[in-house]
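*Asks:* If you want the building blocks of each chain, they are given just below.
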Amino acid sequence: QQQVKQSPQSLIVQKGGISIINCAYENTAFDYFPWYQQFPGKGPALLIAIRPDVSEKKEGRFTISFNKSAKQFSLHIMDSQPGDSATYFCAASIGAGNMLTFGGGTRLMVKP
Amino acid sequence: NAGVMQNPRHLVRRRGQEARLRCSPMKGHSHVYWYRQLPEEGLKFMVYLQKENIIDESGMPKERFSAEFPKEGPSILRIQQVVRGDSAAYFCASSPPLAGDHYNEQFFGPGTRLTVL
Numbered sequence: 001q002q003q004v005k006q007s008p009q010s011l012i013v014q015k016g017g018i019s020i021i022n023c024a025y026e027n028t029a030f031d032y033f034p035w036y037q038q039f040p041g042k043g044p045a046l047l048i049a050i051r052p053d054v055s056e057k058k059e060g061r062f063t064i065s066f067n068k069s070a071k072q073f074s075l076h077i078m079d080s081q082p083g084d085s086a087t088y089f090c091a092a093s094i095g096a097g098n099m100l101t102f103g104g105g106t107r108l109m110v111k112p
Numbered sequence: 001n002a003g004v005m006q007n008p009r010h011l012v013r014r015r016g017q018e019a020r021l022r023c024s025p026m027k028g029h030s031h032v033y034w035y036r037q038l039p040e041e042g043l044k045f046m047v048y049l050q051k052e053n054i055i056d057e058s059g060m061p062k063e064r065f066s067a068e069f070p071k072e073g074p075s076i077l078r079i080q081q082v083v084r085g086d087s088a089a090y091f092c093a094s095s096p097p098l099a100g101d102h103y104n105e106q107f108f109g110p111g112t113r114l115t116v117l
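Just so you know, the sequences run in chain order R and C.
Under my numbering, the first residue of the first sequence carries the number 1, and numbering increases by one thereafter.
Under my numbering, the first residue of the second sequence carries the number 1, and numbering increases by one thereafter.
It is worth saying that the hints were derived from the structure and are not from the lab.
Among the hints, erroneous ones may be present.
If the Cβ cut is set under 8 Å, some of the chain R residues that face chain C in the computed set are [stated by the list, open to error]: (1) F39; (2) G43; (3) L47; (4) I48; (5) I50; (6) F66; (7) S85; (8) A96.
What you are looking at is a predicted structure, and each value in this text was computed from that prediction instead of being measured.
Built from N, CA and C at the ideal position, the CB exists for glycine as well.
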């Protein structure tokens, strides 16, 4: 199936802490897994993405961990900052140029 | 290098009117996607277009909705005879030619927020 399930729906983290958002998918044909960050009133911005041939990808404070056998992937935000407060969406797609299937989103609030 | 542009940013229509949403992809991008986001929900795919071609419209409602991406000019999402349930944010995304490291990277515009009274 095409579903991508995301949790938690909301998350509160203290400044400097680690934010962890999880996603699970059903369709084993998915082969591209991006994360998007969205601020209120703005469009989603591509944050980081991974393909299933690697188990982890890191860019700055953001890391994707990927578990192919469990069909799960997660976003870790290290040293979380108030400016990271936004809604985060995981997504997945099959093949090049095809539609993204999004998770339901996680509203992150980082308290100063 | 301008990003994906959408206009108008806000659109108010009365029930039964038509809504036209425009999207200009990033320079060099030839693939356009439309997504709809209902309040407090994730984005749902509607349609995928290339110049003068609809590639995948599996997410588009069968009635009242249409999309085009002409040889010249922006992509248009058209909603005829709008109803209150059409109120949502409509996002356009574009992606570069499908090769190399930019595998399926989709870049989103700021969206058009449609309100149906």
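*Asks:* Grab the minimum C-beta distance from F66/R to chain C and call the hint holds if it beats 8 Å, violated otherwise.
*Replies:* With a minimum Cβ separation of about 15 Å from chain C (threshold 8 Å), the hint on F66/R is violated.
*Asks:* Measuring from the C-beta of G43/R to each C-beta in chain C, is the shortest one below 8 Å?
*Replies:* It holds, given that the least Cβ distance between G43/R and chain C is near 4 Å, below 8 Å.
*Asks:* Is the interface hint satisfied for S85/R? The criterion is a beta-carbon contact with chain C at less than 8 Å.
*Replies:* Constraint on S85/R not satisfied, violated at 16 Å.
*Asks:* Under 8 Å, Cβ to Cβ, is where A96/R needs to be relative to chain C, so tell me if that hint holds or is violated.
*Replies:* 4 Å, holds
*Asks:* Given a cut of 8 Å on the nearest C-beta pair, is the interface hint for L47/R held or broken against chain C?
*Replies:* 11 Å, violated
*Asks:* Hold the hint about I48/R up to the distance rule: shortest CB distance to chain C must be less than 8 Å.
*Replies:* Since chain C brings no Cβ nearer than about 11 Å to I48/R, farther than 8 Å, the hint is violated.
*Asks:* Can we keep the I50/R interface hint, with Cβ of chain C closer than 8 Å?
*Replies:* Result: violated, 11 Å to nearest chain C Cβ.
*Asks:* Hold the hint about F39/R up to the distance rule: shortest CB distance to chain C must be less than 8 Å.
*Replies:* Given a least distance of 11 Å, the restraint on F39/R is violated.
Hint violations for this structure: numbers 1, 3, 4, 5, 6 and 7, all remaining hints satisfied.
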